[in-house]
Amino acid sequence: MDTPFVVGGHTFRSRLMIGTGKYRDNETMVRAIEATGADVVTVAVRRVDLDRTADGSILKYLDPKRFFLLANTAGCYTADEAVRYARLAREAGFNDFVKLEVIGDQETLLPDVTGLLEATRTLVAEGFKVLAYTNEDLITALRLEEAGCAAVMPLASPIGSGLGLLNPVSVRTIKRRLRVPVIVDAGVGTASDACITMEQGVDGILMNTAVAAARDPVQMAHAMRLAVEAGRASYLAGRMPKREVAVPSSPTEGMLD
Amino acid sequence: MEIVVNGEPRTVTAGATLLELLDTWSLDPRAVVVEHNRKIVRRPSLGDVRVEPGDKIELVQFVGGG
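First to last, the protein sequences are chains A and B. Per this note's numbering, residue 1 is the first one in the first sequence, and the count goes up by one each step. Per this note's numbering, residue 1 is the first one in the second sequence, and the count goes up by one each step.
One chain only, chain A, in its complex shape (with noise of 0.2 Å):
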């Protein structure tokens, strides 16, 4: 039995949680979005469109009933910015949680970890239960769950690169040193990336691109569903050592002269 997947107090049926961006169209975002059996989505805030050109709210496809909005911090480069999309997000009324990125180069959108620190300090006074994109250093992370923040989310690999896990070592340890949810964010690009992340016991992962970009992204979906529970499963199972020689699963003795 798992124990329950609690971030900032409130208690989270899955451990996988999706975003909303780039889908060819809302139809295939909602099926796509249900298959992942999701119940945390993330969006992000950005200008209303006067001239009504562009698509509008998401929340014409998507029940906020039904799902948990978790705004996101995307496209700030600093603080201050980050700060100021939050309190935005915070006033449209669902929740007090955010996903906070603060941005620091735009080749790579790793992020800047002192305005991370600083925003974190700033949102956490204002009562916000902060996730914090990071990347998978150890001692960020230690200082991220020192100025409270809610739960920590190293990358697997930069965002929309479907690398998969590339510092397995560095997430396991970040994993085993802080109290709060260690949830991966960004890089995940296929089920299996999903599960290796998964059996290094974090307590989530947060993906976009890997469903949004495959070929079916609603097969996908359900693909990542299942990975992500495997992973966890597997986690908890507790995997066999590794061996460089082999071992005979079946009996030696007993064999015909």
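By construction, these hints were calculated from the structure, which means they are not laboratory data. You can take every hint at face value.
Simulated pairs of lysine-lysine, DSBU-like, Cα-Cα distance not exceeding 35 Å:
#, chain 1, residue 1, chain 2, residue 2
1, B, K56, A, K129
2, A, K65, B, K39
3, B, K56, A, K65
Estimated spans, in silico, between C-beta atoms of each pair:
#, chain 1, residue 1, chain 2, residue 2, range
4, B, T24, A, R66, 31 to 37 Å
5, A, R52, B, R42, 21 to 27 Å
6, A, A233, B, R50, 57 to 63 Å
7, A, P241, B, G7, 56 to 62 Å
8, A, D216, B, R10, 40 to 46 Å
Glycine included, every Cβ here is placed at the ideal spot set by N, Cα and C.
Add chain B to chain A, keeping to what the hints say.
This is chain B only, laid out in the frame that chain A set:
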């Protein structure tokens, strides 16, 4: 009079409230969050805040993102 909405200049009725402006643009006040000169205006106060020439308004909503 002219104000700036989401970074673009817009001509609006002098003395209009934020709630009246949302109505002009057919925006549901429950679906947008309004920032007036860098200060968030909570929904119950939208009808109390009148805009003045040169004011900067940001109207945001939730869109798809990861």
